[in-house]
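Using the hints, position chain B against chain A.
Given next are the chains, with one letter for each unit.
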Amino acid sequence: MRVLVREGLFADSDPPALLGSRCGACGKTHFPRSDACPYCATEDPEPVDLSRRGALWAWTAITAPPPGYKGDVPYGVGIVELPEGVRVIARLTEADPGALTEGQAMELHVVPLHRDDEGNDVVTYAFAVAP
Amino acid sequence: MSAGVVIAGAGMHPFGRFDGVSTTDMGVVAVRAALREAGVGKDGFQAAFCGTAYGGVATGHKVLSRLGMTGMPIVDVEAGCASGGAALMLAAAAIRAGQYDTVLVFGTEKMPKGIIRSSFFDPWQEEAGLAATPSFFALRAQRLALTSGVTKDHLARVVVKNRRHGASNPDAMYQKETSVEEVLASRVVCEPLHLYMLCSPNEGAAALVLRREGPDSPAASVTLAAAVLRSHIPGPVLSESTPLAGLADDSVPAPTTLAATAAYEEAGVGPGDLHVVECQDTDAARELGSCEELGLCPPGGSAALLDSGATGLGGRLPVNPSGGLLSKGEPLGASALGQVVELVRQLRGECGVRQVEGARVALSHTVGRGANAGVVILTR
Chain A
24 MRVLVREGLF
34 ADSDPPALLG
44 SRCGACGKTH
54 FPRSDACPYC
64 ATEDPEPVDL
74 SRRGALWAWT
84 AITAPPPGYK
94 GDVPYGVGIV
104 ELPEGVRVIA
114 RLTEADPGAL
124 TEGQAMELHV
134 VPLHRDDEGN
144 DVVTYAFAVA
154 P
Chain B
2 MSAGVVIAGA
12 GMHPFGRFDG
22 VSTTDMGVVA
32 VRAALREAGV
42 GKDGFQAAFC
52 GTAYGGVATG
62 HKVLSRLGMT
72 GMPIVDVEAG
82 CASGGAALML
92 AAAAIRAGQY
102 DTVLVFGTEK
112 MPKGIIRSSF
122 FDPWQEEAGL
132 AATPSFFALR
142 AQRLALTSGV
152 TKDHLARVVV
162 KNRRHGASNP
172 DAMYQKETSV
182 EEVLASRVVC
192 EPLHLYMLCS
202 PNEGAAALVL
212 RREGPDSPAA
222 SVTLAAAVLR
232 SHIPGPVLSE
242 STPLAGLADD
252 SVPAPTTLAA
262 TAAYEEAGVG
272 PGDLHVVECQ
282 DTDAARELGS
292 CEELGLCPPG
302 GSAALLDSGA
312 TGLGGRLPVN
322 PSGGLLSKGE
332 PLGASALGQV
342 VELVRQLRGE
352 CGVRQVEGAR
362 VALSHTVGRG
372 ANAGVVILTR
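Protein sequence lines, in the order shown, are assigned to chains A and B. Quick note on the numbering used here: the first sequence kicks off at 24 and runs consecutively. Quick note on the numbering used here: the second sequence kicks off at 2 and runs consecutively.
Okay, chain B solo, but in the shape it has when bound:
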């Protein structure tokens, strides 16, 4: 790795539903908070990257127009659920290449309500009923049941864990705990997934200021040790690339595994070095699958990992201490950066009752349509 990159500032607009608040309004709140933390104004960064999937033309420009434009390059990045991760990768690469000293990265989103309707699919796929996002989640959940012994009870307990974590996160949409009974009493969307096992598409924004590490960087700065984006290799029928068919071959690595392998190498750490993880939990089974694909447990070991209590707060490797997307909801362009903001706060020890004590190495992960998978590793 060339020049080091540190996180100079982090800011959020809470995730939830905010009638009358625009995509731009939310972006402004998050960006202003991040710039304030970094101690810079509109002239304090040389480029901006904005992640958004539903924001429309020049979303980043609309946000920064409210904060004083300087003529700098502003790039909008769309990579589905990994949009923020893609923006972060570009920003970090530009700093490492020596192009800029300080870069603003943000994501802002206002999702339509209900099941995500994606322009990714052809109209006939919607017409024929082959474009229902939760059905792909359900099929993956069912495969995990067959390969990893994941039961409905496990799925419910992932939700209970994350909602317990989210109950103390003021930026989460759901700040109320739930129970296995309540999760299983919610309606079945697609077997084995009940409504409470699926995250809500929603609204929110997150922002980071990245700065080249220098002699004047504070010693306790959070370092961006890796920011990797990968797409897929064709073959897996249940890949987030959502093909109509795939190969009867289970050896093709998932995009998450590709991204994680590259990120571990870039950061010089392995899964055993991690203290805290924020991972894609669009549905309860996705968190378990993510744990396997990230190497947090052996293949087929995700149910046992959950059973061990390791992934709950107070466990060996807390996963989704923010409450995850199951508590926060998922604003596509902002969700990846929201995870990073949480981890920056965790590494700084600012998280109060949901603090992972002594956390110094953290990983965030998003994966979604495309396929795109983003993995970020932070150290302090």
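The following block holds chain A by itself, in its conformation from the complex:
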């Protein structure tokens, strides 16, 4: 069975989407979705799906498995700036930092992470270089 690493963070749909919210009071968009705006504390911000595409803002790759990690190494981690004015930290499908450049167009995907003890295929969100 295909299971999400964490429910409520992203829609495993085609196309996939990160699930955020937009605050009606201060106008800021945030991720992950929550019941109050982290910037102004106004309750019940409007649920929104974040843009699939954004620009690469920072990136690196992890070469040795950190504690509690269940996937393969090396793997990329980076920050993508979305048109809503949000910078999201996420896995990158590119694990060679030398292959990436600042401002590069990136696109959200849902990718395999590992197979858990019950045989489920655990998936997570990640950004890949946009075609």
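Simulated from the structure, these hints should not be mistaken for lab results. Values in this document were obtained by computation on a predicted structure and should not be read as measured data. Keep in mind that the hints are not guaranteed to be accurate.
Pairs of lysine to any residue, SDA-like flavour, derived with a Cα cap of 25 Å [claimed, not checked]:
1. A:Lys93 <-> B:Lys153
2. B:Lys114 <-> A:Glu66
3. B:Lys114 <-> A:Thr86
4. B:Lys153 <-> A:Ala87
5. A:Lys93 <-> B:Asp123
6. A:Lys93 <-> B:Pro124
7. A:Lys93 <-> B:Ser201
8. B:Lys153 <-> A:Thr86
What follows is chain B alone, placed relative to chain A:
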């Protein structure tokens, strides 16, 4: 500011790895040394604040139980890397408020080996690979490369500088110099950070006795001019609060800047008045970022500051003369107070070959998980 606070005593247990020595044992060594310097015994202080992150329940009580309990309040304080700074802030505030005349502040820690595993993160973040502390350091380092012209060579030279300083610090874990070539030959943990550019989580303890300044205070006492703790304002995606996302807005001040601004105001000094600084160098880029956030150079100016030689011993404003966390290692609850102990010794002129000549105004800085940032200013 109300009543002045002076440092009556300072003590350390060296930072390193000490098999068979407990968190309590190390705390006892540091506390005993600080009390001896202050010339007081178990009845000579009215409260104690203990910084620790991994020490467990009642760490402070376990230390003081070995030194003779008196029924006084003992408060354990956890604020990540700034735990000792938080304890110091509470102790100083209590003295200034007139609650106590003399307070003991200490931090003691025995960190697990390897990458710090923090209960701060949800299990899914670890599972998905989004909780690796060095990756956040690496992303910050990369932003400094883009905004401040920081190269890998700069990062290596921060390590070389601090290890050169630490080579003459008997309390440091690494007392051996290194070279740019050796740093760059160590394995890549997360680009652009190599293993030698990251500090080692380790073990150690530090203690201070604070006393209300009075007519009988020695004229040459080191004064605690400011002890400030701040948390973060949301927005920066690379804040030590480690959010999953932030704003595309670079104008939100970092917790370090918030703490430093308040500390400069409290002490009535500015960055240009400082003679010596101990700052958070959990990784080499963090020292450069700290210099910018503390106002030691203009934003974007940290690489140029390093290039100028100002931050090395013998320079205009030596940074991390103790060797920093890159030489000492980082026992979370003790690291902030370890910096203050170094600066007390610097201001007293007790540091031998790593002495910053004529130092009279000193600043220490820690920042970490939470986010928490602590800034302390000492004068003599």
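A quick look at each hint next to the structure:
1. For the suggested pair Lys93 (chain A) and Lys153 (chain B), the alpha carbons sit about 30 Å apart, so the restraint of at most 25 Å is broken.
2. Under the criterion of a C-alpha separation no larger than 25 Å, the hint pairing Lys114 (chain B) with Glu66 (chain A) is inconsistent with the structure, at around 42 Å.
3. Straight-line distance between C-alpha atoms of Lys114 (chain B) and Thr86 (chain A) comes to about 18 Å, which keeps the hinted pair within the 25 Å bound.
4. Restraint check: the Cα-Cα separation between Lys153 (chain B) and Ala87 (chain A) comes to about 20 Å, which is no more than 25 Å; the hinted pair holds.
5. A hinted pair counts as satisfied when its Cα atoms are at most 25 Å apart, and Lys93 (chain A) with Asp123 (chain B) qualifies at roughly 14 Å.
6. Of the pairs offered as hints, the one joining Lys93 (chain A) and Pro124 (chain B) holds, with about 11 Å between alpha carbons and a cut-off of 25 Å not exceeded.
7. At most 25 Å may separate the alpha-carbon atoms for a hinted pair to count; Lys93 (chain A) and Ser201 (chain B) meet this at roughly 24 Å.
8. Between Lys153 (chain B) and Thr86 (chain A) the CA atoms are separated by roughly 18 Å; this keeps the pair inside 25 Å, and the hint holds.
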